[in-house]
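Novice: Protein chains in written order, with this note's numbering: chain A, 1 to 192; chain B, 1 to 323.
Just so you know, these hints were derived from the structure itself, not from any lab. Since the model is a prediction, treat every value here as computed from it, not as a measurement.
Calculated pairs, DSS-like style, for lysine-lysine (alpha carbon to alpha carbon, straight line, at most 27 Å):
#1 K65/A with K137/A
#2 K141/B with K37/A
#3 K116/A with K43/A
#4 K37/A with K116/A
#5 K259/B with K199/B
#6 K211/B with K37/A
#7 K116/A with K17/A
#8 K188/A with K259/B
#9 K211/B with K109/A
#10 K126/B with K143/A
#11 K141/B with K143/A
#12 K63/B with K259/B
#13 K63/B with K188/A
#14 K236/B with K114/B
#15 K211/B with K188/A
#16 K114/B with K141/B
#17 K211/B with K259/B
#18 K137/A with K126/B
#19 K143/A with K43/A
#20 K65/A with K141/B
#21 K109/A with K43/A
#22 K65/A with K126/B
#23 K188/A with K199/B
#24 K141/B with K126/B
#25 K211/B with K17/A
#26 K236/B with K211/B
#27 K259/B with K236/B
#28 K141/B with K43/A
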Amino acid sequence: MIRLTTPISESDIRALKVGDEVLLSGRVVLSRDMGHKFMVEEKPEWLRPILDEAVIYHCGPVVRKEPDGSWSFVSSGPTTSIREEPYQADVLETYRVRGVIGKGGMGAKTSAGLQKVGACYFHATGGAGALIAERVKQVVDVKMLEEFGSPEAFWIIEVEDFPLVVTMDSLGGSLHEDVLAESQARAKALTA
Amino acid sequence: MTECQLSSQETVESLSVLPKDWQVDLRDLASLDITLSTLELIRRTTSRLPQDVIDALARGHAKEAQASRAANTLGTMLENVTLADHHVAPLCQDTGTVIFWVRHPFGVSQRALKQQIRQAVVEATKRSWLRPNCVAALSGKNAGNNLDPFHEGHPVIHFEEWDQAEVEVSIMLKGGGCENVGAQYRLPEASLGAGRDLKGVRKCIIDAVVKAQGQGCSPGILGVAIGGDRVTGYEKSKELLLRRLDAPNPDPGMDAFEKALAEDLNTLGIGPMGYGGRTTVLGVAVEEMFRHPASFYVSISYMCWSSRRMTLRLQNARPAIFE
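Using the sequences and the hints, build the whole thing.
Specialist: So this is what it looks like as structure tokens:
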């Protein structure tokens, strides 16, 4: 098990390989469909310091507003990443993001972006919303809450020991491609 | 085998939103109010995974190589099940499209029941048991209350009048990730070499599972309807996901087909979350329907491992039953 803390340096991220299991701590920024479209189309400057060498998490959490006005996460597992495929590589490059957390993996365009920028795709356990919410130590801030609604807003959080698997690395490796190829071959045999 | 101990029935009852010793009164059906019992149904469904699904996950965990990614992932899933139950937190942040099936005797007002169910959904959303998951299709605008902004399309409610004296409300929380990997095939399908027979159906199902990979949050559960039209086929495929994993198909031939197919699918090597492994599906439910002579649809609904479903039974002068 490898421990990583944000901000992550390029050399640390380039040392990671497909299949590595990681415990991530530090700043994570939630963003999904509306956020990615927004980042690519508007390229807002104010996101730069927030995203620099940080990690983006594809997640639309269930949140609770506490009596003191602060927010807490109730359930916060990953959402399907492939929907961000048209945008992800641009976002990585524009904001120098070191990692993307999601589920299901991403495609060739994102893989090229990971290699160029020096970033990894981390896979979280889909559906493990309650467990991951436990690893969220603090909700630091939220941006675009009014405009996007709570599942789509940029939630900025601090996590501790968020369990992840590297499924796409900065060398072009992809566990998703390997599993896809093997399962396609097996399916062919099953239906022959 | 990983321990996954849900809290006791007493604990669940003590947290219920229903008043202690609450009993159903079905003598005057026109004034029946299911708001609170539906709210309790949602509370339990979002935070407690059905035991048959937990057992299937645990069997998968035992089957995977020790300390493999697949075993660790199934272990994380089981740990999540325990945590969600103990905290009464949503198992998954995607609390899905909220779908109800209501069966009721003659004399019940569907209009009234619909409003009560809608009220329960709004309240459950306020309590963070449901995520506000209902947005306007084009603008993406989220009213935050889980109600369809245009019509009364969400929550989805199917009504059916039946001969029995009791009222039955089944619920399913169907996540978006797994909904997206559902598929409908029209046979014959040349690219798969799938003809209009059970062999062709099998090819479609294998194809759908390979295309889904881990994206529907495998290990998944499949509901497959053979026949129908484009709407009724999908509708049936979804309803089949309500069947318990340990309940056999009433048709012994189809039951054997389901079991053999599940075994075959588990040799695909997709595994939990698509990381590789021996646990790709937890179960398959297949049923045959009518069809138009010109059409032959195979409709496949994919349910994620977090298969949140439950049935509320209301019988006169008895406490509400959740199962």
